[in-house]
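Given the sequences, and given the hints that come with them, work out the whole structure.
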Amino acid sequence: MSLLLVSHDQDAPGAQLLEDAVWQLAESHLMLSGSMIVESAVSGPYLLQHLQGALRRSGRDGTLIVTPISSAEWSGLSPEAEAWIRGRLA
Numbered sequence: 133m134s135l136l137l138v139s140h141d142q143d144a145p146g147a148q149l150l151e152d153a154v155w156q157l158a159e160s161h162l163m164l165s166g167s168m169i170v171e172s173a174v175s176g177p178y179l180l181q182h183l184q185g186a187l188r189r190s191g192r193d194g195t196l197i198v199t200p201i202s203s204a205e206w207s208g209l210s211p212e213a214e215a216w217i218r219g220r221l222a
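Residue numbers (our numbering): 133 to 222.
Treat the hints as calculated values from the structure; they're not laboratory data.
Cβ coordinates follow ideal geometry from the N, Cα and C atoms, glycine included.
Hints are not guaranteed to be accurate.
Label-pair distances were calculated between CB atoms; the ranges are [said to hold, decoys possible]:
1) Ser-134 - Ser-207: 22 to 28 Å
2) Arg-218 - Arg-188: 31 to 37 Å
3) Ser-190 - Ala-222: 33 to 39 Å
4) Arg-218 - Gln-184: 29 to 35 Å
5) Arg-188 - Ala-222: 35 to 41 Å
6) Arg-218 - Asp-193: 16 to 22 Å
7) Arg-188 - Ser-139: 24 to 30 Å
8) Ala-144 - Ser-210: 16 to 22 Å
Shown next, in the form of structure tokens:
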């Protein structure tokens, strides 16, 4: 499984829409404000198309960036979020 960072410019209802769409493809994910980290076997381009489709079907548009994560540095995450990321990068 790979980790993919998804950045978006959606409000709370749009972010929920993206999270609901991610559950269709992902084993697990971590929601952050304006982004999410997705653990999935699908490719970045496939995930992008899937999320674009979910937005389009709901009459929304906006910016989406999907990029793989192979290493990361962070600040301000909860201990649970840090453990989730570390466990998947190991």
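Now for the hints, and whether the structure bears them out:
no.	hint	result
1	Ser-134 - Ser-207: 22 to 28 Å	holds (23 Å)
2	Arg-218 - Arg-188: 31 to 37 Å	holds (35 Å)
3	Ser-190 - Ala-222: 33 to 39 Å	holds (36 Å)
4	Arg-218 - Gln-184: 29 to 35 Å	holds (30 Å)
5	Arg-188 - Ala-222: 35 to 41 Å	holds (36 Å)
6	Arg-218 - Asp-193: 16 to 22 Å	violated (35 Å)
7	Arg-188 - Ser-139: 24 to 30 Å	violated (18 Å)
8	Ala-144 - Ser-210: 16 to 22 Å	holds (19 Å)
In summary, the numbered hints that this structure violates are 6, 7.
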